[in-house]
Structures are given as C-alpha cells and as structure tokens.
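Chains S and R, in that order, are what the protein sequence lines are.
Those letters in the first sequence? Residues 1 to 382, by this note's numbering.
Those letters in the second sequence? Residues 1001 to 1148, by this note's numbering.
A couple of the hints might just be wrong.
Unchecked claim - If you want the footprint, here are the derived chain R segments under chain S, 3+ residues with CB under 8 Å: (1) 1075-1085; (2) 1089-1098.
As the list claims (entries may be wrong) - Listing some non-contacts, in silico: residues in chain R with all C-beta distances to chain S over 10 Å: (3) Pro1025; (4) Gly1033; (5) Asp1041; (6) Ala1059; (7) Thr1063; (8) Glu1068; (9) Ala1124; (10) Glu1125; (11) Val1129.
Simulated from the structure, these hints should not be mistaken for laboratory data.
Remember, it's a predicted structure, so these values are computed and weren't measured experimentally.
C-beta: ideal position from N, C-alpha, C; glycine also.
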Amino acid sequence: MIGIGETEYYRHGASPDPEFKLALKAILAACEDAGLDPREIDGFASYSDDRSEASRLAAALGTHRLRSATMQWGGGGGGCCAAVANAAAAIVAGLADCVVVFRSLAQGQYGRFGQAAGIHTVSGERSYLMPYGVLAPPQRFAMRVQRYMHEHGVRQEALRAIALASYHHAQANPRAVMYGKPLDAGKYDASRWIAEPFHLYDCCMENDGAAALLLVSAERASDFRHKPVYLLGAAFGSGHRAAATAHNAPLYATASFDTVAPDLYRMAGVGPSDVGVVQAYENFTGGVVMALAEHGFFKPEEANDFLTFENLIAPSGRLPLNTSGGNLAECYMHGFELVLEAVRQVRETSTNQVRRNDIAMVIGGPMVTPASNLILGSEATL
Amino acid sequence: MSGPAHYLPAGLPIPVSEPDGLSAPYWAGLREGRLLVQRCDRCTSWQFGPEWICHHCHAFDLTWTEVEPAGRIFSWERVWHPSHAALKQHGPYVAVVVELPQAGSVRMVGNLLGDPQQTVVIGAEVEGVFEHHPEADPAFSLLQWRPR
Chain S
1 MIGIGETEYY
11 RHGASPDPEF
21 KLALKAILAA
31 CEDAGLDPRE
41 IDGFASYSDD
51 RSEASRLAAA
61 LGTHRLRSAT
71 MQWGGGGGGC
81 CAAVANAAAA
91 IVAGLADCVV
101 VFRSLAQGQY
111 GRFGQAAGIH
121 TVSGERSYLM
131 PYGVLAPPQR
141 FAMRVQRYMH
151 EHGVRQEALR
161 AIALASYHHA
171 QANPRAVMYG
181 KPLDAGKYDA
191 SRWIAEPFHL
201 YDCCMENDGA
211 AALLLVSAER
221 ASDFRHKPVY
231 LLGAAFGSGH
241 RAAATAHNAP
251 LYATASFDTV
261 APDLYRMAGV
271 GPSDVGVVQA
281 YENFTGGVVM
291 ALAEHGFFKP
301 EEANDFLTFE
311 NLIAPSGRLP
321 LNTSGGNLAE
331 CYMHGFELVL
341 EAVRQVRETS
351 TNQVRRNDIA
361 MVIGGPMVTP
371 ASNLILGSEA
381 TL
Chain R
1001 MSGPAHYLPA
1011 GLPIPVSEPD
1021 GLSAPYWAGL
1031 REGRLLVQRC
1041 DRCTSWQFGP
1051 EWICHHCHAF
1061 DLTWTEVEPA
1071 GRIFSWERVW
1081 HPSHAALKQH
1091 GPYVAVVVEL
1101 PQAGSVRMVG
1111 NLLGDPQQTV
1121 VIGAEVEGVF
1131 EHHPEADPAF
1141 SLLQWRPR
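Isolated chain S, as found in the complex (with noise of 0.2 Å):
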C-alpha cells in the first residue's frame, strides 16, 4: 500500500462536486502521496456498484493502458475491504501491476442510503420488509442486534462505548466531520432513538467525498515516497445461508464473520492478541460489538467488559477502535475512510497514533454478506 488520499469530507449533500470529481481528486491525492505518475495506474477497484466506473476514470486520466476493473458484488459498505483484496489478488495474480482502491459518494446528487423514496412497488427480499416499516439500514439491522443482545446479555452501555471512542478520536481529527463536536455519555443516553437498540449516536453519519488507496506488489512497495504497510491477509464472504431472505440467516444474530475471520487470520499468519488496533465498520455500533466478538477479541459474554471507553481509546487502550472517528465521526465514506486510517496507523501518522501500531486490522460492513476484512503490516511484519 503506497498512496492513500481523500477528498475534503462534507455533510450528506453539501459536496460542492459531482461524485465522479470526487473519485477524480482521491485518486490524484494518492497518487501525489505515493510520488506516482496517475497514468502508471492499470487497474481500478471498488464496491456497492460505485457510479465512478473503471473505463471512465481510466480515459480521463490518461492512464497508459487498463488491465483490471473488479467490482465486489452486493454487501454495500461490506465490501470496502474486499475491494482491496481485489486488488491485491489482481496484482498477485499478474493481471496488473498497479491498482487503485476507491469509494466516491455525493448523496446530494443521487440520494440517501437512509431514505426510501420514491419506491411504488417492491418484490423479493424488499417485499417482505419495507410494507412493514423496515426500510432503510437502522430498521433492517436493530433486530440482529436485539437479538444478539437478547442472547448475550450485552448491556447499551457497551454501545455506548463504541460511539464515544470514535467520537473521542475525531476530536483529534481535523478531516473528520465531527470535529469540534464532541459527545458524552449523557448526551448519547438523552439522544432520540432511530430504532431501539439504536440512538441516534449508535448509526452511521451519511457523507459526501470520496478515499483512495494505492497498491502494487511488495517487491515494488519500497520505491515510493512513504514507508509502505503490507497487506498480510483478507478475507470475505459469509457463513451458510447468510442471505436467506426476510431474516431467515440461520445464524441471525451475527456480523457475518463467523467463516471470514478465521480466513483472514489463517492467510495473515497472526492471531487476535497480535493485532494493535482495529478499524471496525460502524453501519450501526451493534454490528462492532458482533464483529470484534467474531474476530475472538472477547468472547460475547464478556464484551460489557471489554467495551469500555478507555479500552478503546488511543494511544494505549486494551484495543484501541476507530482511531479516525470512522463511519460516526470522521466520514462515512462507506468504510473506505477505515481503510486509510488502518494504512495511517501502520505509517505511524494518524492523528490518533496507537503504541501497538505493526498489526492493524479492518474490518467492513458487519451484518451483511458478503462482508470483508483486511489485516495490515509493517515491515517487520513480514
């Protein structure tokens, strides 16, 4: 990973640029990060159908030549990981020698994730959900996490905790979109709900901007201008059934990891106590809770415990989480803002730098399928 760069984050709509500038400008900012000629890119990838398409962006950029365009299928922002290992597998497998990673979004020119307009008729999964009121992300997930909570006795202060860690490390931030806003618990517990488990606080923000990230192959990654973080593993997928409709996962009340994680530690060669932080995909801060479980950081019985705020704070908590604010405090730019900050994090040059820093793991999208992860490395990691 030699290039990481991003747009300015706005607000949902405010972007005074249409979503394909955007994509434009993240990639030329990883490409000024790495020191790397933008035509020298051959290969382009993304998810959850983002509109700024490989072709497009390769004849205005005047890149050489194209030889990858991946999209990862479905999964929304369950793919920000897996579009890397896309990548990566391109590179890998010898189809191109320079890709790059990236999400644009400008919600103002297409709509909102968190609003169904406009919609007459629906049929297949939809059909048996929004006739009833469940219609957008808060609606479709608080049920798996009530469900989860129900289980494994997990308290809302264990929520809790999640937002006030991002939050925290946004305060620190000057990129993220909450910054200078800060939260406390009192102000979470008083926030409205949106979908009981979730207040207000426990769901995702909705952005504008767009994030890139660089890579080539190992034996090149040193020839750029930072010192370059490796990608040791990545993972994705679901376990059985995972999509089967109208809630019918046979596994229900989890973040999808269930088959992924272990994937992901086998290819890396690490185990959870290796890993020194973790960007963990916020779409809601239940699915962080499942997904950190699932990735054996605690056991879900334990996780009133080990989800306390200062566990999870920068520079030296038990495991610190979300160290850009991520998907509630930095930007939602449907996880991919994750990915930089995991890069950053292994650099040494996050606003939220962690002691533990030669390991860092992503993890996208909890709760859909398929979902994604990534674990990163130094160096001496290798």
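Assemble the complex: chain S is given as a structure, and chain R must be docked to it using the hints.
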C-alpha cells in the same frame, strides 16, 4: 386510504411478486387469508423466503403448503425515526421477527399490533392477523401479529 384496520399509514411500498412469479403464490395466499410456505416434496424441508430450488436437497418446484399463522417472537425493534415520507407524522411502531415452529422454524417479519409502546418479550407467542388493502393499487395483503 388507510383505515383503522391498517397498522401503518398508506403510502409505503406495495409488495408484488417478482416478474418471474417466484413469490406470486405467497402474495395470492395472503389475499385469501391463507399463509403459504414452500415445502420440499422430496426432503420435507421448509423454506422462506421462496426460492426456485430446495436449499437442502436441490429439488425444484417446492409445494406451497398452508401453515397456521402462529409463532413466537424471535426478535423485535421499536422504530422511531421515519425513513419514509408516509411515516413522517406517525410516531413509533414495532416490527417483529416471528419464528414458526410448525413450519421448520422459518421466520417472517411483520408488525406487532397493539400499543406501539408495549413491552415486547422475545419468545412470546403470537398469532397472525391478515391485513387486507383492497383499495391499494395494486391491492395486497400483509400478515401482522398480535400477542396470543
């Protein structure tokens, strides 16, 4: 027009079968006040939502089988934030996932009728209530739930 017989206001998306007809028997059944769930003739597995193939034994053409609309609450949520213009002035409502033990424990999502502020208990027994919308275009019916 939404009468008092409807739990949520009119204007939410209307359920229809896919163009290929996969779920048409389910929606037609609700309109007749019957709950139909797919069952495999070969291996007797139950399946919901519908699919063209049995996930267990890969037989095609599962049989739509009438099931008593009764079950128990598997999970729930109380929704406060309106994610649709039709819900703007409505206030909270409760959605539930109901498990049907008599049909292989398939699950269905619906609303829990009654006071939206009621205490909801996971595991509580509920019975189905068919909620008909003959005035909608296209007309449709939903399956709601109330405590038993």
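Evaluation of the provided hints:
Only residues whose C-beta sits within less than 8 Å of a C-beta in chain S count toward coverage, and the region 1075-1085 of chain R has 10 of them, enough to reach three; the restraint holds. Given a C-beta distance limit of less than 8 Å, the hint that chain S covers the region 1089-1098 of chain R holds, as 5 residues qualify and 3 suffice. No beta-carbon of chain S is positioned within 10 Å of the beta-carbon of Pro1025/R; the least distance is around 13 Å. Non-interface call for Gly1033/R relative to chain S: holds, since the shortest CB-CB distance, roughly 17 Å, exceeds 10 Å.
At roughly 20 Å, the least C-beta separation between Asp1041/R and chain S is larger than 10 Å, which holds for a residue marked as non-interface. For Ala1059/R, the condition that its CB be more than 10 Å from all CB atoms of chain S holds, with the nearest at approximately 17 Å. Interface exclusion of Thr1063/R from chain S stands, the closest Cβ pair being 18 Å apart, more than 10 Å. The non-interface label for Glu1068/R is consistent with chain S: the shortest C-beta to C-beta separation is roughly 18 Å, beyond 10 Å.
The beta carbon of Ala1124/R sits about 12 Å from the closest Cβ of chain S, which is more than 10 Å, so the claim that it is off the interface holds. Non-interface status of Glu1125/R relative to chain S is upheld: no Cβ of that chain comes within 10 Å, the nearest being about 17 Å off. At roughly 13 Å, the least C-beta separation between Val1129/R and chain S is larger than 10 Å, which holds for a residue marked as non-interface.
The structure meets every hint from the earlier list without exception.
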